[in-house]
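Each chain is listed here by its residues.
Protein chains: 6
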Amino acid sequence: MRSAIYPGSFDPITNGHLDIIRRAAETFDKVIVTVSHNPNKNPMFDLEERVELIKRAAVDIENIEVDCFSGLLIDYVKNKEVNVIIKGLRAVSDFEYEFQMALMNRKLNDNVETLFMMTNSQYSYLSSSLVKEVFKLGGSIEGLVPEIVIKEMKKKI
Amino acid sequence: MRSAIYPGSFDPITNGHLDIIRRAAETFDKVIVTVSHNPNKNPMFDLEERVELIKRAAVDIENIEVDCFSGLLIDYVKNKEVNVIIKGLRAVSDFEYEFQMALMNRKLNDNVETLFMMTNSQYSYLSSSLVKEVFKLGGSIEGLVPEIVIKEMKKKI
Amino acid sequence: MRSAIYPGSFDPITNGHLDIIRRAAETFDKVIVTVSHNPNKNPMFDLEERVELIKRAAVDIENIEVDCFSGLLIDYVKNKEVNVIIKGLRAVSDFEYEFQMALMNRKLNDNVETLFMMTNSQYSYLSSSLVKEVFKLGGSIEGLVPEIVIKEMKKKI
Amino acid sequence: MRSAIYPGSFDPITNGHLDIIRRAAETFDKVIVTVSHNPNKNPMFDLEERVELIKRAAVDIENIEVDCFSGLLIDYVKNKEVNVIIKGLRAVSDFEYEFQMALMNRKLNDNVETLFMMTNSQYSYLSSSLVKEVFKLGGSIEGLVPEIVIKEMKKKI
Amino acid sequence: MRSAIYPGSFDPITNGHLDIIRRAAETFDKVIVTVSHNPNKNPMFDLEERVELIKRAAVDIENIEVDCFSGLLIDYVKNKEVNVIIKGLRAVSDFEYEFQMALMNRKLNDNVETLFMMTNSQYSYLSSSLVKEVFKLGGSIEGLVPEIVIKEMKKKI
Amino acid sequence: MRSAIYPGSFDPITNGHLDIIRRAAETFDKVIVTVSHNPNKNPMFDLEERVELIKRAAVDIENIEVDCFSGLLIDYVKNKEVNVIIKGLRAVSDFEYEFQMALMNRKLNDNVETLFMMTNSQYSYLSSSLVKEVFKLGGSIEGLVPEIVIKEMKKKI
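In order, the protein sequence lines correspond to chains V, X, R, Z, E and D.
Number 9 in the numbering used here belongs to position 9 of the first sequence; there are no gaps in the numbering.
Number 114 in the numbering used here belongs to position 114 of the second sequence; there are no gaps in the numbering.
Number 51 in the numbering used here belongs to position 51 of the third sequence; there are no gaps in the numbering.
Number 102 in the numbering used here belongs to position 102 of the fourth sequence; there are no gaps in the numbering.
Number 94 in the numbering used here belongs to position 94 of the fifth sequence; there are no gaps in the numbering.
Number 29 in the numbering used here belongs to position 29 of the sixth sequence; there are no gaps in the numbering.
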């Protein structure tokens, strides 16, 4: 069985993330979507909420598991006995940062491979932080995030 | 009449901004230069000061109006009944960020078009934040910002 | 009246070009779409055919004129008494080349301004040469170029 | 069983290609390395020779098949009943071109996914064409291509 | 005698920095490695510690001097009567930022030249901040920084 | 004595090249400007003419030598007993190509260092090929290349 791990902040999950999850789930037998705990950031949703939002948004995709982790991604991946990390790419700036992280992860554990998937081009401008910024300024985020996320974001205000 | 809106932080206006304003004013019948209110940033000049500095620096350009706004740019643009946003580009890194914002704005309102203009290459290295950094460290900012801005920056210390 | 010139090879016109033409025609009072004559290239369609294809594909856009030119773009623009050039941008690689050309054109005539417009993100991967390559290898180009272009490309084989 | 196709010109196979093949073979159950026939290029090795060189260079990797194809990659992939294409990335310039091709392939067949893998950073400067250029100018290509390739390149002169 | 100044935060010095110091020391008669004081950042090591770590890591390189400075780099360089600044480049994102700084420095003093050197490709993913992040999460930083740095980082916890 | 080699096609030398030569001559004790022989290209000026044009354009710079070479640059550099190669950078696209070449040269001979210098930003759009293209289409190249080059280009037609 070929498994892959798709890590991210997912604060909150966007339709771009969901697109990658769907594509990854068709490419691998099992995909573990995992929310990273970043103690320095001040998130809109806490870890449990983010996990819950992903579960509800991706409820129709059967071969996924939603989880969270703290510490080094590469340690988490080893514990899960998976050797593939999935990252979505939207643009050149993504690419450089992700490349750097992937090379560092390869240095830390050469048995784990990072595979990059392209986000659907209609979501190329989409990021969780931009969604939050638009939302806070009163703009519509319809079509950018799953319906359930809009509902929960409204509760946060 | 063809109008355009040129938004920015302008904290403070640089000679690169002034170059774009001048070029935009020759390309459109009217240009609204508008200062964005960003509650997260800690600016050197407040909104009113920034508006005033632009007015004084661009006093010889007749077909411009200087204004400020808070909230979503795309809402401001709609209220002004303008459908063109002008952004200056200096380098590749600018381009990616501005592209992302422009695509988001297009998603929010497809009737508004973002047009990119090139900054004069002699100002390709110039940004408000770099000007402030050089100034704070005691370097000369002659030629980088309008004379009136240098005078007002000296008062701030 | 604010006019703009949108130059290109258009061999053949794609739906990405058509998207830019449509947006430019809403932004300016008149848009001159002009096909450049490049003696070094071996085009699929000759100059007259390319002009004709643009006319037929954009038949519903009223405020455009379709033309062609040889020699320096900047001389053509001056003869037409227009001072705005429109270029579409898809990605970073476009940007660098177009920036270089625009700076050279500014050096040749500082009264002419190049404005960059973003192609719709759904066409971000689209180019005339890629369309021709796919077509020659037997792939479907439905949705990538106007219907009339598909018809004429089939005649070329 | 999860299979992937790794297409390329491989004129000739380099140690960078071999690194990607090895990593792909660990990530998927089966990898089909396939040499593309490009009628426009004037290759150093013909299709059969390139296939043979890959077979000999990768003789120790068991779960691969070496093949060649002409026509559209996406048609070849469908015939093979595989839905994953592997591409190696070295640098930003690679990324833009490969992104464009992958988006076009997704447009042609949305069931096929392109996954990008990073070349080992020690091969980040390596390309078949650069190897050939160095070789023709009398430079050493030891360590850049498999031994068997050096031997066959010497016979070509 | 041809001298050069290699400035940086060096919080802490990495093997990538050390590689540049070694190469610079072979290219120039004397190299001044200088640690910049940045009042806004919250460093892991203070100025004196960073100077000390560089001295100990580079103890075998004879023609270097290790120093620190506050204020404008260009003023420091003038005081030292040196007219060459060395900067290491790893990737495209480095390049844009460093280019901007170098152009600003040229504007401030046209007699000082910035020369860019390439970091060894095996360190292309390496940065002080990434090293600190990996270390804090419990990962191994063996091979990324000099031994003496690992020892001192362990004391900091 | 610290010497450096500045290689290029110089077909013809531009004011951007001359700017780099001048800066390099102030940074090193001696600079060898060397014209590369490329058998595949069809140059406007032959090797001897290009050498002659550089000599005349840079006649006031005392510590330079103008030369030409064929074969591998790295072999030429070794024969000259120099261990520094100078390359000018204008933009991101330059950077990637030059980086690749510099890494290959480092692989071929690790004792030779490539140093990158920034072209003056007013020449950031300038290349020999763009100059030739503008000239052939009848545009003015005043200010882009040395006077002597304009004179010789006019004779070529």
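You may find that some hints are simply not true.
One copy or two, it doesn't matter: identical chains are merged, so the pair holds either way.
Claimed, not checked - Computed cross-link-like contacts, SDA-like style, restricted to lysine to any residue with a CA-CA straight-line distance of at most 25 angstroms:
#, residue 1, residue 2
1, K41, N63
2, K151, Y97
3, K55, N111
4, K55, N42
5, K80, M153
6, K80, L137
7, K55, L137
8, K155, E113
9, K155, N83
10, K132, D110
11, K156, N63
12, K55, E26
13, K30, E96
Please keep in mind that the hints were generated in silico from the structure rather than gathered at the bench.
Okay, the hints, checked on the actual structure:
1. Neither within a single protomer nor between protomers do K41 and N63 lie at most 25 angstroms apart by alpha-carbon distance, with minima of 30 angstroms and 43 angstroms respectively.
2. In this homomeric assembly, K151 and Y97 never come within 25 angstroms of each other (Cα to Cα): the closest approach is 32 angstroms inside a single copy and 28 angstroms across copies.
3. For the homomeric pair K55 and N111, the shortest alpha-carbon distance between copies (24 angstroms) is at most 25 angstroms, but the shortest distance inside one copy (29 angstroms) is not.
4. Taking the closest pair of Cα atoms, K55 and N42 come within 25 angstroms of each other only inside a single copy of the chain (22 angstroms); across copies the shortest separation is 38 angstroms, beyond that limit.
5. Proximity of K80 to M153 under the C-alpha cut-off of 25 angstroms is found in neither arrangement, the shortest distances being 31 angstroms within a copy and 29 angstroms between copies.
6. Proximity of K80 to L137 under the C-alpha cut-off of 25 angstroms is restricted to the inter-copy arrangement: shortest distance 18 angstroms between copies versus 40 angstroms within a copy.
7. Taking the shortest alpha-carbon separations for K55 and L137, neither the intra-copy value of 27 angstroms nor the inter-copy value of 27 angstroms comes in at or below 25 angstroms.
8. With identical chains, the CA atoms of K155 and E113 are never at most 25 angstroms apart, being 39 angstroms at best within one copy and 33 angstroms at best between copies.
9. In this assembly of identical chains, K155 and N83 lie within 25 angstroms of each other by CA distance neither inside one copy nor across copies; the values are 38 angstroms within and 33 angstroms between.
10. For a Cα distance limit of 25 angstroms, the shortest separation of K132 from D110 across copies, 20 angstroms, qualifies, whereas the shortest one inside one copy, 36 angstroms, does not.
11. With identical chains, the CA atoms of K156 and N63 are never at most 25 angstroms apart, being 31 angstroms at best within one copy and 44 angstroms at best between copies.
12. Taking CA atoms no more than 25 angstroms apart as the test, K55 paired with E26 passes inside one copy only; the shortest distance there is 17 angstroms, against 30 angstroms between copies.
13. For the homomeric pair K30 and E96, neither the shortest alpha-carbon distance inside one copy (27 angstroms) nor that between copies (29 angstroms) is at most 25 angstroms.
Going down the numbered hints, you'll see the structure goes against 1, 2, 5, 7, 8, 9, 11, 13, while the others check out.
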